[in-house]
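Here are the chains, one letter per residue:
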Amino acid sequence: MTPASSVAEAASNTQDLGSKALVIEVKGLSKTYFRGKEKLEVLRDLSLTAHEGEFIALMGPSGSGKTTLLNIIAGLDRPSSGSVRVAGADLAGMSDSALAGFRAANVGFIFQTYNLLPVLTARENVELPLLLTSLGSAERRRRAETALKVVGLSERMDHYPRQLSGGQEQRVTIARAIVTDPKLIVADEPTGDLDRDSADEILSLLRKLQTEFKKTIIMVTHDPAAAESAGTVHHLDKGKFK
Amino acid sequence: MNLASLAARNVLRNKLRTVLTVLGVAVAILAFVLLRTVIWSWTVSAEYAAKDRVATRHKVTFINPLPVRYKTQIEQIPGVTHVTWANWFGAKHPTRESDFFQSIAVDPPSFLAVYDEIILPQAQREKWLSNRQGALVGESLAKQFGWKVGDRITLAGTIYPGDWQFDVDAIYTVKRSSMDKASLMFHWDYLNDSIGPRRKDEAGWFISRVKNAGDAVNTAKRIDALFDDQDAQTLSMDEHAMNASFLGMFSAVLTAIDLVSIVILVIMMLILGNTIAMGVRERTNEYGMLRALGFLPKHIASFVLLEAMVVGLAGGCFGLLLSYPVVEQGLGRFLEENMGSMFPYFHVDPPIAGLALALSIALGLVAAIVPAYQASKLNVVDSLRRVG
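So the protein lines, in turn, are chains A and B. Residue numbers for the first sequence follow the working numbering, beginning at 66 and rising by one. Residue numbers for the second sequence follow the working numbering, beginning at 1092 and rising by one.
Just to be clear, a hint being listed does not mean it is correct.
As the list claims (entries may be wrong) - In the DSS-like style, the derived pairs of lysine-lysine whose C-alpha atoms are separated by at most 30 Å in a straight line are:
hint	chain 1	residue 1	chain 2	residue 2
1	A	Lys248	B	Lys1389
2	B	Lys1468	A	Lys104
3	B	Lys1468	A	Lys248
4	B	Lys1468	A	Lys102
What the hints contain is simulated information worked out from the structure, not anything from laboratory work.
All chains should be modelled from the sequences, with the hints used to inform the complete structure.
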């Protein structure tokens, strides 16, 4: 699949959103930090929706609030005001432990720096989120192997992260993100540390997750080429959509 | 893979640091076992004292003698089966004066009847019983000075000055730990006949054997009551209490050793805590990732605690492995041979080994409490932001 064809396919997938379930619903979201006595308004009255199978890219300069918005939608951070509903859950009213449970069940994470545990093999890294479930070890192993097959790393299951290239490490991260079959995948600069070819492979994989597996994806990126892969691109500047 | 194995595998993240930490813990455990064994060995004679023996000494002090004629009266007390008496002689090897050993003048027949844990060949027994200048020597002491049966030895008297000659007639070992293997016993008659009239017919202490061990305390009371109206009153107690009161004189030394062993463990805990804290700091980003995936603070704390426990256990096991050859073969053999009267049984006591292992795990856990708490309280967003 070429980037161009996948963009077209992604665009076609956004046409009938009305019939698809709403996965992200953000209304009047603001986020304020205090640095000493100084008040920093990172996000200002933002609203955003995303349906099942939608791929959204968040772009903007450094400090525009992209990652903060991503973190709030993923249940890692809390809004100062406004409401955030993801996969039917009101995140603002959840306790820390409830948020952890929500993330484990509904969110897959892809980080710029992969964040794989070096003491675990690729399969074991993918298996990691399943340790929080009641699945037996054989089933956990089977699902991890399936996820690695989806990302094309069946041959590298028993390799440690240090034995993999950057692109392969990021594919392991993607396998880890989908192994629990979450509704939402959040990706923070997933291609930031990769060369162009590896980045294209990763973007192709994300589109595959969107189109074949109907995952809702929200991705922060500085890379216009990466943003082209998404069906929707939101530009943030000083905490507001442009 | 499970949560515990994940924590255990983290131990090998920085192999050099882990190996050095495990070595540090192992050395601390070795030192702990060594010091505890010193205390145990020193006090073991009291702990292993026979329960059916009653010791009687002068009421005022060990140093004051008692009339030897008391023996006949003690024998009359119901339940007493044998009575023997002894005098502390305080001999020194003429060329190795610093090598302390116990030398006692005893009445051989009654002595062997009371101390039935002493084992010696029948021929040697008969020879010693019949030779007034004969000496019965413990096998550790014989080894220490290179004495053999048939040797004639000369010892310097300290309490009874002069050169004293003895024939090594018998070398004994023991079948119970209630008697050491580093003493020299010789005929009380030989001593009594060789000293001036002022010090004749005196006994340093009496040891009575009773039929029922449960009667030892009452028998001690009866003995003391017997001599209550005499000039030389007695103080009797069971052998364990007597040995313990003797050890009480060294209580300050034992307490100091005890404290040092605890200080060593505290140092070990601080080393371990420092290593764990460094590991936690390096893995902040990973803990953030795990929290993002849905792991709870208690999981993160468990990882840290389990890791510390594994390092503590590994260090404890290695330390114990080291302690056996060091204590049993090296230092233990040396002390038994050269300082047998103070350390008659210098071995790794299983309860001490168990305590050392349990403490290595427990202190590992304690050392990791603060780093584990800090790791569990990390803010997820801040943790993820630290790298990249």
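Hints the structure fails to honour = No hint contradicted; all consistent.
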